[in-house]
Amino acid sequence: MGWVTPLGRDLSTVWKAISKNERPDPVLLKSPINGLSVPVLRVPESLGRDTATLPLLRRYSTISHLAVAAAADAAASARMTPEALKRTALVFAASDGGVVYTRRFYAEIVERGEGAGSPLLFPETVYNAPASHIAARLGLEREVLTLVGDPAAGLSAVQTGCELLAVGEADFCVIAAAQELDWITCEAYGRWGLIHDNLNSACVFSEGAAAIVLTRESDGCRVSAIHPGCSYVTEEDAEERLDTMIKELLNRSGVDVAVSCASGTRLDLAEKNCFARHLSTAKVLAPKFVLGESLACSTLQQVISGVLALDELRGGNALVTTTGYSRQLAGLVLTRD
Amino acid sequence: MRVAFPTIDITGFGCVSPLGIGLPPTVENLRHSRDGIGPVRLFPVEKCLAKTAGQVDEGLRDVAASIAARSKRWTRAAQMILVAMAEALAAKPRFVPDCIVMGTTSGGMSLGEQFYRSLVSGSPAWSATRKVRAYVPQEPVMQAMSIFHLTSPVRIVSNACASGTNALGLACQMIRAGTARRVLAGGYDALSQLVFSGFDCLRASTAEKCRPFDAGRTGLALGEGAAVFCLEKGDSDLCITGYGSSADTHHLTQPHPSGCGPLNAMRRALESADADPASVDYINAHGTGTPLNDSSEANAILALCPNAPVSSTKSMTGHALGAAGAIEAAFCCIALREEFLPSNINFGKSEFPIDVVANTIRPATVHRVISNSFGFGGANAAVLLERRS
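Those protein sequence lines, which keep their order, are chains U and Y.
Numbering that gives the first Met the number 0 puts the first residue of the first sequence at 0, with every later residue one more than the last.
Numbering that gives the first Met the number 0 puts the first residue of the second sequence at 0, with every later residue one more than the last.
It is worth saying that the hints were derived from the structure and are not from the lab.
Don't take every hint at face value.
Facing chain Y, a subset of chain U residues (Cβ under 10 Å, in silico) [claimed, not checked]: (1) Lys29; (2) Phe121; (3) Glu186.
The beta-carbon is built from N, C-alpha and C at its ideal position, and this holds for glycine as well.
Isolated chain U (complex conformation):
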């Protein structure tokens, strides 16, 4: 496993902060349009620069730097050999993709006219650019997929990885996700109603990356149950469907730890009510309150938090759920024997 977070890149250091619910101080990201500042959690620049050993010189956006760093850490921690990497697939999950280059490229078109955008920026605007850089960094040759969506895309990526292993398309699968910040996404999420002023409970957007390596057989933690998820229509509908999903997952196992997707939006209530009904004895972790909301990346950070929690408990089951802003629900259970 590997992650790059506003609190650092070391698994145990960041895990300690999550366990103690210690959130770093946000910094302000200012909109050049209206001058409004939004509190966000940023990754120190030095933590995400990991490209010195790339086989080809490539122009990188921040999201790609972060993704490569987390994936490289995950591959290193799994002690993957070059031979093993040849039999490895990659599923990358993104929510907003390379927004900084996309916004800069489009600004050039608006300001200088169509056809005047920089050819250096455009390739990094595609959603799968980070996956391509990870593949280049690790020397992957098998299936490389990018899934895009709300936070549930992180768990869709895990499920896709499990499927690739199940059918034998790969012997290992790197699941990665990353998120970068830009003032335009803060404008967008602010207008969506996801950002508000009460810092004690507000959703604070963040950047970062996370990666895990799945194998078919492992003596450590495993994905013991995964729900394919569903789409919901309203917040009430979300609670009903989440309830059903949790019941279905709990049919297969009891839960010692619940890793919540709560981030300070009104959608938290649906999950809170479901947890109260079904998980009264489980320890509840809310890593987004420490690491911020980085959408699909956050979801993979929830998975890593679940694994670390079970490591600490030396066994048990951890439930990871996500209620995405774009009306997608998903969940899984991690088990350590």
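Put chain Y on the given structure of chain U with help from the hints.
Okay, now just chain Y, sitting in the frame of chain U:
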């Protein structure tokens, strides 16, 4: 251990492209090798080198509205998905998918463009706000789903121009792994100014006609559209029997000149079906018309299926990016059913010793075809389609 690739039936499909809104006009336009590429009418292109693209007919809005009146206010991408989804589901009534897998490259980019312009122009907040939610790539899919009361989870694949074929492959993978029994899969992309300008500034677009595999080819023309397939285990005459993908990390925007990436994807598709390369009756090539793509793909075809007839239907539709793989899989289904090979128009002088179906269709009894899609980031995918005799 590798799980054998099962035969996945196509029990319904629908298609919207510059060659037609729905299958009947598409079949006729393919049969007559019509050129669906014309001057761009959706946004200004005066300062671009390229000025043409394949655009879906302006009647789209009305056709979509005839299915659901509220779609009049949707984006063109959502309208395309709606029409293709309606056509697919009409062929297979009561098809309730366990999952929906759609490929796209640009998602809601046109709304992103409008959002940015609203912000910098100081437009009222509400005019920008309503664009935010619909920007998310699964939103147009979910809008279309709502008309059919579908609440399945949605997976959006964004593997650049291979997305549509990857989506079909991922859907098959889900059925193969037993995590789904029925999947609605395909791809969509609507033309957007940012993407059009992007290909233009890379000098990948042509100012002339798009001439895939021609010695005088000068680049691609962009396109748009959507195609949707009902996939399940059944007894349809059409089926997907193989899928292969590979990563080529040579360069972010250029394929390895040897064609190793495309070759690996095609080879894996054939291996997954345990099929002999010599048994391939037709290849619907990725064939963008760019010098580098076509030479790389021709090398791969020559190495694996040197005698198979080849055409790039992008010569007629333009390159629909994340929708291309799904649209071209639909064209392959038409070739299998209607017994003709779609043509590669604007073709003059060959550069490669491959059998290009030049300029007019070729009548042929076809049983097994490959559809190729390759994209930025070294994403390569191939799907094997067959007609049961």
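Comparing the hints with the structure gives:
For lysine 29/U, the interface hint is violated, the least distance from its beta-carbon to any beta-carbon of chain Y being 14 Å, above 10 Å. For phenylalanine 121/U, the shortest C-beta to C-beta distance to chain Y is roughly 4 Å, which falls under 10 Å, so the interface hint holds. Checking glutamate 186/U against chain Y by beta carbon gives a least distance of about 6 Å; that is within 10 Å, so the hint holds.
This entry does not satisfy hint 1, going by the numbered hints stated previously; all others are met.
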